[in-house]
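These protein sequence lines map, in sequence, to chains A and B.
Numbering follows our numbering, in which position 412 of the first sequence is assigned residue number 412; successive positions increment by one, without gaps.
Numbering follows our numbering, in which position 116 of the second sequence is assigned residue number 116; successive positions increment by one, without gaps.
None of these hints come from the bench; they were simulated from the model.
Note that CB positions come from ideal geometry on N, CA and C, so glycine has one too.
Treat the hints with care, as some may be off.
[To be verified] The calculated SDA-like cross-link candidates involving lysine to any residue, where the alpha carbons are at most 25 Å apart (straight line), are:
(1) A:K149 <-> A:S214
(2) A:K4 <-> B:R85
(3) B:K127 <-> B:A83
(4) B:K24 <-> A:E19
(5) A:K4 <-> B:E186
(6) B:K127 <-> A:I82
(7) A:K4 <-> B:E20
(8) B:K127 <-> A:T8
(9) B:K185 <-> A:D87
(10) A:K402 <-> A:S225
(11) A:K4 <-> B:S39
(12) A:K4 <-> B:A31
(13) A:K334 <-> B:F132
(14) A:K311 <-> A:S232
(15) A:K4 <-> B:R118
(16) B:K185 <-> A:E15
(17) B:K127 <-> A:A9
(18) B:K178 <-> A:L427
(19) B:K127 <-> A:H20
(20) B:K185 <-> A:K311
(21) A:K334 <-> A:W131
(22) A:K4 <-> B:S86
(23) A:K334 <-> B:R131
(24) A:K4 <-> B:F132
(25) B:K127 <-> A:D12
(26) A:K4 <-> B:K24
(27) A:K4 <-> B:A126
(28) A:K4 <-> B:R119
(29) A:K239 <-> A:N199
(30) A:K239 <-> A:K334
(31) A:K4 <-> B:E38
(32) A:K4 <-> B:E44
(33) B:K178 <-> A:Y79
(34) A:K4 <-> B:A124
(35) B:K178 <-> A:G16
[To be verified] Not everything, but these chain B residues come out facing chain A in the computed CB check (under 7 Å):
(36) R4
(37) A68
(38) S71
(39) L125
(40) A126
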Amino acid sequence: MTEKDLLTALSDVDEGYIEHAAASLEGSGRKRKSSVWWKSALLAACFAVMLGAAIPFAYRTGSHGTTTSPEPVDPMQNYEEIFLTADDIGSVFNNEYDGATNQYSTTYTLDPQYLPITPLSESEYYLIGHWGSDDVPLDPNVAWDFFSKCIEAFASATGISANPYALEENNILQPTYDVETEFGDMLRFSGSQTTISHNIHIYYDDDKNGLLLSGERVEVFQTQSDQEIIASLSNIREKLGNIFGESYADTKIVRYYDGYSSHGVSSLKVYFYNETDHPMNSFTNYPISNYICLTFDNRYPPDDVVGVNNKLTKFNIHYCQLRSELCEPIAKVKSISLTEAEQLLSQGYTFGGHSCPLCMAEQEAIDFADYDYVTMRYQVQSLSDSDSDEPRKVIPFYVFYKQIGTSQNGDLIYAYTYVPAVEVSGLEEYFQSQTQNHAG
Amino acid sequence: MDDRAIIALYNARDERAIAETADKYGAYCIAVAENILESIRDSEECVNDAWLQTWNSIPPANPNSLRAWLSRITRNLALNRLAARSAEKRQGDNCAAALEELSECIAAPVDTESEVLRREQTAALAKSLSRFLGTLSRKERDIFLGRYYFLYPAAEIARRLGMRENYVRNILSRVRGKLRDHLRKEEFDL
Numbered sequence: 001m002t003e004k005d006l007l008t009a010l011s012d013v014d015e016g017y018i019e020h021a022a023a024s025l026e027g028s029g030r031k032r033k034s035s036v037w038w039k040s041a042l043l044a045a046c047f048a049v050m051l052g053a054a055i056p057f058a059y060r061t062g063s064h065g066t067t068t069s070p071e072p073v074d075p076m077q078n079y080e081e082i083f084l085t086a087d088d089i090g091s092v093f094n095n096e097y098d099g100a101t102n103q104y105s106t107t108y109t110l111d112p113q114y115l116p117i118t119p120l121s122e123s124e125y126y127l128i129g130h131w132g133s134d135d136v137p138l139d140p141n142v143a144w145d146f147f148s149k150c151i152e153a154f155a156s157a158t159g160i161s162a163n164p165y166a167l168e169e170n171n172i173l174q175p176t177y178d179v180e181t182e183f184g185d186m187l188r189f190s191g192s193q194t195t196i197s198h199n200i201h202i203y204y205d206d207d208k209n210g211l212l213l214s215g216e217r218v219e220v221f222q223t224q225s226d227q228e229i230i231a232s233l234s235n236i237r238e239k240l241g242n243i244f245g246e247s248y249a250d251t252k253i254v255r256y257y258d259g260y261s262s263h264g265v266s267s268l269k270v271y272f273y274n275e276t277d278h279p280m281n282s283f284t285n286y287p288i289s290n291y292i293c294l295t296f297d298n299r300y301p302p303d304d305v306v307g308v309n310n311k312l313t314k315f316n317i318h319y320c321q322l323r324s325e326l327c328e329p330i331a332k333v334k335s336i337s338l339t340e341a342e343q344l345l346s347q348g349y350t351f352g353g354h355s356c357p358l359c360m361a362e363q364e365a366i367d368f369a370d371y372d373y374v375t376m377r378y379q380v381q382s383l384s385d386s387d388s389d390e391p392r393k394v395i396p397f398y399v400f401y402k403q404i405g406t407s408q409n410g411d412l413i414y415a416y417t418y419v420p421a422v423e424v425s426g427l428e429e430y431f432q433s434q435t436q437n438h439a440g
Numbered sequence: 001m002d003d004r005a006i007i008a009l010y011n012a013r014d015e016r017a018i019a020e021t022a023d024k025y026g027a028y029c030i031a032v033a034e035n036i037l038e039s040i041r042d043s044e045e046c047v048n049d050a051w052l053q054t055w056n057s058i059p060p061a062n063p064n065s066l067r068a069w070l071s072r073i074t075r076n077l078a079l080n081r082l083a084a085r086s087a088e089k090r091q092g093d094n095c096a097a098a099l100e101e102l103s104e105c106i107a108a109p110v111d112t113e114s115e116v117l118r119r120e121q122t123a124a125l126a127k128s129l130s131r132f133l134g135t136l137s138r139k140e141r142d143i144f145l146g147r148y149y150f151l152y153p154a155a156e157i158a159r160r161l162g163m164r165e166n167y168v169r170n171i172l173s174r175v176r177g178k179l180r181d182h183l184r185k186e187e188f189d190l
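With these hints in hand, go ahead and build the complete structure from the sequences.
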């Protein structure tokens with residue numbers, strides 16, 4: 001057989017494949033893809049409203065700090081089904097020491113209500129994606145227009161003029177066009193255009209008084225519930241949206257605790273975004289569509305601010321405007337039920353703990369059979385694992401939480417571990433090989 | 001005009017079928033041919049041949065996808081024309097002309113045993129390739145067919161799909177590796 005035979009035989013392959021390829025190659029993929037995405041999202045949302053039914057969810061326990069717009073759309077019919085192996089799953093986690101383990105990680109929280117627990121889906125399939133696989137060439141004109149508009153809008157909203165600024169071309173970790181400036185003494189602006197996104201960070205460095213933004217103070221009290229914080233920041237969401245030219249309907253709050261400090265939360269993140277902008281947004285730690293994130297920093301509060309009821313005023317605004325899809329859904333995979341996941345959990349087929357054999361040896365064995373909480377979450381393949389030729393995978397997991405103690409500052413310690421939320425082949429063989437690797 | 005309506009014109013032996021086909025798919029077929037022949041003049045001739053072949057084939061043929069059908073015919077004609085052109089270059093104009101003249105003496109092409117065998121192998125290979133394409137993700141398949149069916153350069157595929165050229169090249173490299181494994185597994189003589 002020769003190359004020519006192959007080329008000739010391709011003329012006679014299934015014409016459905018030819019038709020599809022012809023349609024895909026017909027025009028500018030990026031624009032069209034985005035348009036189709038929106039159309040399918042809107043269409044599915046319309047159906048959800050028409051039917052008066054959302055995607056059913058199964059609750060076990062727990063709560064979550066989010067308000068959501070109508071339930072996530074389900075564009076599964078647009079994707080082909082693929083099948084994953086345990087190797088695919090293991091490769092998502094750091095494999096410096098030969099892959100995933102059957103161990104766990106730990107986290108701290110003041111109260112279990114602040115664990116990142118979202119309701120489970122009962123969808124028959126879940127999407128899997130590729131992370132940041134496409135990019136857009138840098139464009140200094142676009143960068144300049146974008147950053148200068150944002151700077152002027154922010155100056156107008158705060159009443160503080162920006163210092164002179166200029167666009168700089170850099171190539172530190174990657175090629176970028178950057179702008180840096182200050183608004184007075186307390187505000188620092190940093191904008192960066194990458195091939196994936198425009199990112200703006202505005203740092204506000206006052207521990208006592210929240211920034212005045214168009215007459216509204218940007219501040220929260222960490223003793224407020226998530227719902228109270230969402231309500232108190234609703235005007236801020238609108239004003240920030242006006243500055244960056246966005247309109248967001250949804251808010252997600254994530255609280256981080258360190259397990260040792262006496263001042264409560266170490267940081268509190270408030271994401272403004274639209275859940276329906278991406279079909280995988282429901283189960284990610286942070287939005288994978290455009291968003292504005294307010295990160296209130298409470299790592300080093302001044303001495304005269306003590307206790308856990310302090311007002312949080314020092315923050316960083318991060319506006320992320322994607323220039324291409326951050327996570328492109330590529331296929332669907334058959335889901336497994338919570339009961340099936342619990343069986344895998346009981347068999348020890350879990351992923352995502354420490355990958356270092358020494359750390360593993362130090363970990364006490366934990367029986368997750370009577371776990372406290374379960375959620376579902378997309379996990380992005382860690383950078384160190386990702387073959388440079390291969391896009392990073394994004395795969396859904398069940399995450400099981402179990403309280404394993406209380407730290408000296410009163411934070412609760414939870415262990416958590418991952419079980420794939422989709423059908424996977426070769427688990428037994430994979431874990432046998434892991435045991436052999438770690439035994440060595 | 002809707003593809004079904006165009007096919008109905010062919011079935012009714014209405015010559016407007018060709019005009020409607022040319023109107024709707026002319027530029028598309030020219031692009032398919034030009035990717036192979038890299039010559040506008042040759043491509044236009046090739047596409048005219050494709051209209052004729054389509055006219056002669058429908059009926060009885062009744063394609064599900066007129067676009068895929070036309071791309072296949074145009075591609076085959078272009079590949080044949082390219083082979084002829086290559087042979088012409090190798091053998092010299094005089095020899096090519098002589099062969100062409102002599103070919104007029106043969107009433108119709110005759111299937112020799114080896115020709116029959118070759119066609120059977122090509123058909124088997126095409127079926128195997130279809131199976132292989134079914135194992136690829138949609139994106140991999142579109143990129144692979146973009147390169148080896150439509151014969152677009154990687155840079156053009158990247159532009160059309162809104163991707164980086166390197167990414168397209170990586171996908172192509174990976175899919176070629178998968179194809180090699182697939183053909184070995186199906187015991188094709190590589």
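- Task: Given the hint that K185 (chain B) pairs with D87 (chain A), test it: the Cα-Cα distance must not exceed 25 Å.
- Result: holds, 22 Å
- Message: Check whether the Cα positions of K4 (chain A) and F132 (chain B) lie no farther apart than 25 Å.
- Response: holds, 18 Å
- Task: Answer holds if the nearest beta-carbon of chain A is closer than 7 Å to that of L125 (chain B); otherwise answer violated.
- Result: holds, 4 Å
- Message: What's the verdict on K4 (chain A) and A124 (chain B), does the C-alpha distance respect the 25 Å limit or exceed it?
- Response: Satisfied, since the Cα-Cα distance of roughly 15 Å is no more than 25 Å.
- Query: Within a Cα-Cα threshold of 25 Å, do K127 (chain B) and T8 (chain A) meet the stated pairing?
  - Reply: holds, 12 Å
- Task: Could you grab the alpha-carbon distance between K127 (chain B) and A83 (chain B) and see if it respects the 25 Å cut-off?
- Result: Answer holds: K127 (chain B) to A83 (chain B) is near 24 Å, not above 25 Å.
- Task: Take the C-alpha atoms of K402 (chain A) and S225 (chain A), compute the straight-line distance between them, and say whether it is at most 25 Å.
- Result: holds, 23 Å
- Task: Double-check S71 (chain B) for me: the hint is only fine if its C-beta lies closer than 7 Å to a C-beta in chain A.
- Result: holds, 6 Å
- Task: Would you mind confirming whether the straight-line C-alpha gap from K127 (chain B) to A9 (chain A) stays at or under 25 Å?
- Result: Cα-Cα ~9 Å, so holds.
- Item | Holds or violated: K4 (chain A) to S86 (chain B), with C-alpha atoms at most 25 Å apart | holds, 13 Å
- Item | Distance restraint between K185 (chain B) and E15 (chain A), which requires alpha-carbon spacing of 25 Å or less | Roughly 24 Å separates the two Cα atoms, so the pair holds.
- Message: What's the verdict on K24 (chain B) and E19 (chain A), does the C-alpha distance respect the 25 Å limit or exceed it?
- Response: holds, 15 Å
Violated hints for the displayed structure, listed by number in ascending order: 7, 20, 26, 30, 36.
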